[in-house]
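Please put together the full structure from these sequences, using the hints given.
As given, the protein sequences belong to chains R and Y, one line each in that order.
First residue of the first sequence: 23, per the numbering used here; consecutive thereafter.
First residue of the second sequence: 29, per the numbering used here; consecutive thereafter.
Hints were generated in silico from the structure; no laboratory data involved.
These figures come from a predicted structure and were not determined experimentally.
Computed footprint of chain Y on chain R, listed as stretches where at least three residues anywhere in the stretch have a Cβ under 8 Å from a Cβ of chain Y:
id	stretch
1	114 to 123
2	134 to 142
Residues of chain R clear of chain Y, computed beta-carbon distances all greater than 12 Å:
id	residue
3	I103
4	I251
5	R257
Ideal Cβ positions, reconstructed from N, Cα and C, are used throughout, including at glycine.
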Amino acid sequence: MDTHVIEMPRAPTVTEAPAAGGVALRLRGLSRRFGANTVLRGIDLEIPGGEFVAIVGRSGCGKSTLLRLIAGLDTPSDGTIALTNPDGSAAPADTARLMFQEPRLLPWESILSNVEVGLGRAGTSAERHALARAKLARVGLAGRDAEWPAVLSGGQKQRVALARALVARPPLLALDEPLGALDALTRIEMQALIEEVWREVGFTAILVTHDVGEAVALADRILLLDHGIVDLDIRVAVPRPRRRGDAALAAIEGRILDRLFGRA
Amino acid sequence: MSAVPLRRLLPWSLPLALLAIWQLGASTGWIAEEVLPAPTAVIAAFWDLARSGKLWEHIAVSGARALVGFAIGGGLGLVFGMLTGLSRLGEQLLDTSVQMIRNIPHLALIPLVILWFGIEEEARVFLVALGTFFPIYVNTMHGVRSVDPQLMEMGRAYGLSRAALFRRVVLPGALPSVLVGLRYALGIMWLTLIVAETIAANSGIGYLAMHAREFMMVDVVVLSILVYAALGKLADSTARALERRCLAWNPAYRSA
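Encoded structure:
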């Protein structure tokens, strides 16, 4: 495993690390086999609370499997995942909230009630409505509470899915290529929105993506997964907000792509 | 004249034209009275039977049979369809047997049913229940099976309890298919009842028709057929209204 740290000049006002409200992850010897097929081979990883980590790699490199293990949707064949709250206590395995590639909204429930799915059974109905409404407003969909999901565009549906994922203020957000199906402009808008709410709330974010440019634009740190191991672990120390087309970002993107295509 | 009333009237133009030809044919003697009485004669028969209250009695009897049979057959179909749709064990235990019985036309059981129940109410209710069970069963099972697995995964990932998953994901996901089954079942419900009442009954619309046949009262026979048609249409409209209401979230069912 190679570790590259690319230090960039910092502008202190905007590179302040977000409030450390996220859980820390410690993965030890994590493996996942499906029959004879080994997808993850003994992954060791430390992710501090509040970090934004992107996982990139070719199709079938195991990045979605890794995310599903972290999100508690699947159990490892070997190894352990430990989640630690900021106060040092252990967080339960179902701490993570997950955003999928598809919005996966319940088409027969109102937009508001879809967001409330993220609250579990907590709170009175007035409290739940208020929290869900506030989150909908935050993602730019104020006043759309009572409508059916079918009337929304693809990007708007993913906004609702983001509101649903964040409404309970989870300390860990797992994103499984959530923007893969969106058009290029909507994707850039959604990237900005995800970065903004991450900076506001300070959760730990783990983003699986096939788009290296997206990973470089959003993440503090990029993991390149190949054949079930972490092949590259790069820190992106570029100040935020990041400008598209920034030379430093392009250099990191080039380095990752070279590694992916075996040129470095 | 605006286009909207014209388009509303269009579907009725053909039935009205047929009715006019029928009336014309009957009043000129081109259609013999013992073959098909004039619409006015049918209306007169309707008026007589309605005023004496007999028509409503027969409709009430037929309606009660239909609804009781449908409630039993449809209810069981819903429960068994859920069971086989949700659990592999349920499917392995039940589905083969149900599919075997489904291939017997339920009306073929009439001789057996008469031997079991005689010509009492149970016989007709049993036949209606048997006929309506299968469309509800098959469509419920299919509906539950076709619930989006991605939504199920989302529900589990967001910590929905089993009961909440059933209520918020499985049931509404299966509902469009269940309602298709409901419409089929309502059609079979009337068909079964017509046959059962025509063969053996001493009350109900089918009895009214057969009784009138014995006295060559063709107008009452035609009236009975029209009453069946109206009841069938009423059931279908109710099912459609139910679809529009329950599936308002689905753009395909939104009312115009």
